[in-house]
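S.K.: Line by line, the protein sequences are chains A and B. Following my numbering, the numbering of the first sequence begins with 1 at its first residue and continues without gaps. Following my numbering, the numbering of the second sequence begins with 1001 at its first residue and continues without gaps.
Check before you lean on any hint, since a few could be wrong.
List of simulated lysine-lysine pairs, DSS-like, C-alpha gap at most 30 Å [claimed, not checked]:
#1 Lys249/A / Lys125/A
#2 Lys125/A / Lys87/A
#3 Lys1039/B / Lys1086/B
#4 Lys1100/B / Lys1086/B
#5 Lys125/A / Lys149/A
#6 Lys211/A / Lys125/A
#7 Lys125/A / Lys1209/B
#8 Lys125/A / Lys1100/B
#9 Lys87/A / Lys1209/B
#10 Lys211/A / Lys149/A
#11 Lys249/A / Lys1086/B
#12 Lys149/A / Lys54/A
Some chain A residues close to chain B (C-beta under 8 Å, calculated; not the full set) [said to hold, decoys possible]:
#13 Asp11
#14 Leu12
#15 Trp56
#16 Leu60
Hints in this document: simulated from the structure, not taken from any laboratory. For every residue, glycine included, the Cβ atom is placed at its ideal position computed from N, Cα and C.
Take a look at the letters that make up each chain.
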Amino acid sequence: MTRVLVSLDADLASSIALRYACQLAGLAGMELQPIHVEEAGSKGSPPGSGWVRKTWEAALLEAGRDEIVRLIDAERDCCHGRLLPPKLCMGHREEEILRELESGDYDLFVEGTLYRFTAADFSAKLRSRLYRYSPCPIVLVRNLVEIEKVALLLGDGISHRPLVEQYCRLLGEVPLSLDLFYYQPRHPLFGRDALHDPQPVLENAARDLAKEGVKLGRREVLSDSPERAAETLRSYGLVLAGISRQHRKGAVAKLLGLSPAPCLLVILH
Amino acid sequence: MRIVVAVDEEPYSDRAVEEASRLACNTWPDVRLLAVAPKSGTGEGEAPQPWWSRLQEQRRRFLAGFEPGSCPYPAEEDYRLEQGGKSLWEEAAARRSTPKDLRIRLRRGAPAREILAECDDMGADLLVLGCGPGQDCSWSADPALPPKVAAEAPCSVLVVKGEPRIEQMVCCLDQQRVSQASLELINQLVTLYQARLELVGITEKNTLKAEVERRMAGVMEYYAAREIRPWLELVERDTLPAFIDRQAQRGLVALWMGKESILQKIFSRAKVRQLVGVSKSPVLILR
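Put together the whole structure using the sequences plus the hints.
M.R.: Structure below.
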C-alpha cells in the first residue's frame, strides 16, 4: 500500500490538504500518516532550559495535539483512505519532516498552502531544503478540487521517464483521464523555432505510458504566457511535473507557481 | 430581498431587466423597475411618454422570464396607475394576491440622484442596472451614471455589461463579517451563471489575519454544503488593484465593501468607477 505523509497544522491550508489527501487515498488505496511539527519559536521564545523548557514544550505539544486531532476527526468520516493516528514532534518543521520522510519509507508527501496571486511563495518552497532533498514526490495542495483529470507536464531539459514512472507507480491503476503537455513558451524574439523540438519528447512519453497500459487523452504543446497556460491547467485535479535544481527558475516552475491546481512534484536529483 | 432595477430607453437596459428576472426566478424578491425622466415644467397629470410605455414594456420583459403558473408577481392586467407625488408615478397591483410585489415607478429629476433616492426609499438590498459596452460603461442621458451609482449606492450593486456568459466570480474578502444576504446573493449568481467561484483573502505583509482565515473556511464550508466548491486565493493588499484589473477582464468581480473593509480604503469611489468602466463583464459591489 502506498504510504503518504501528510503535514498538518491547525489552519485552512491543512484542512484542504487533508481532504485532498483523503480523496487521493480513496482513489488509489493509500495509507495516510498525518504529522504535525510544533515549532517552539512560533509561540514565543522558549523559557529557560532543562526541566522548565521540557515542561513548556510538552504543554505546547499537547495543545497542538488537541488542534490536530480535532482537524482529523472533522475529516475522518469522509476520508476514504486509511488514516493513521497523527505523529507529533517538536522542532524545526522542515528538518523533522525530512527526517520522518527518510526514516519512514514514504512514497509521497502531501502539504497544503493557500494559492497566492504572485508566485514568490512557490519559488521559496522550491528553494527550501524540504523540496530540494525530499526522498519522495511532493503533492502541494493549493485548492480543493475533484481529481478527475490529471495533467502530466513536460518541459525543456526535463526527462519524461521519472514522471511516467511515478505516475504509473502512484496512479497507474486508477481510471483517470490523463493529458500530456509540453510547456514551451514562445520565445519573444525567435518564436519556437530556436528551441528544442517538443514533439519527440511527447511521443516518447506517450509511448512509455502506453506500454504501461495508461490511456492518454490530449497531447499538446502549450506555448502561451505562464498566466494563460496556468489557466489551461486550472481544470485539472492534479498536475504532475518534474523539478530539478537547474529548473527551479525555468518555464515549468514559473507556470506551476501561477497555477492554482494541486501539483505533484517529482524531485529530480 | 428587495431589488431596484434602474432602466433607461437603451437596449442594455433590456439585458439588465432580463438578468434581474433570472435572479428573481431563484430568489423571489420584491422588485421595483425604475426609470427617471428629465425634469419639466409640469409635474402633474398623466405619466410622461415614451417613458411610461417603455417601463410597461420592461415589466412584460421581466415577467416573461417566469414559467406560467410559477410567477410570484401579479399578472400584467392587475396593475393600476397612481401618482404618488408631484414627480412620481407608480403602477402596482391594486389588490395583491401574489406572494411578491412588483411595481414600475417613474421619477423626474437627475437620474443618478433619483436612483439613489429610490434605493434609500425602498430599503433595497440590490440595485441592478445595465450600461453600454466599452470602457466608459455609460448611460445615454448621463454618461457617468453607472460608475457613479455603483460607487455611491447604499446597497449592493450589480452592473450588467459585456458578455452575458460569466465564467468566474471573484469575491474579495478581508473582514470577518460578511452578511448572510451577501453570501446568498453570491450563491444565487454562481448558480445562475454556472460560474466558478473564487474567494480571495487579502493579506497584509504576506500575512492573512486569523479571523479572515476562519471566515474563509466558514464561507468555503457554506458553499461546499451547497455543492459549490470555491477556489481560494490570497492577494497581498498592495497588489490588489492589479489583481482586480486582471480579473475584471475575465469574469464577474464581486467586492465586499463593508464599512470595516480595507477595500473601502483601497477602492476609493474613483477606483470603483474605474473598475465598472474597465471590466469586460458584470461587476457586483456587495455592501
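S.K.: A separate judgement is required for each hint: does it hold in the structure or not?
M.R.: Each hint, compared with the structure:
no.	hint	in the structure
1	Lys249/A / Lys125/A	holds (12 Å)
2	Lys125/A / Lys87/A	holds (23 Å)
3	Lys1039/B / Lys1086/B	holds (11 Å)
4	Lys1100/B / Lys1086/B	holds (27 Å)
5	Lys125/A / Lys149/A	holds (25 Å)
6	Lys211/A / Lys125/A	violated (34 Å)
7	Lys125/A / Lys1209/B	holds (21 Å)
8	Lys125/A / Lys1100/B	violated (55 Å)
9	Lys87/A / Lys1209/B	holds (28 Å)
10	Lys211/A / Lys149/A	holds (20 Å)
11	Lys249/A / Lys1086/B	violated (70 Å)
12	Lys149/A / Lys54/A	violated (48 Å)
13	Asp11	holds (6 Å)
14	Leu12	holds (5 Å)
15	Trp56	violated (22 Å)
16	Leu60	violated (18 Å)
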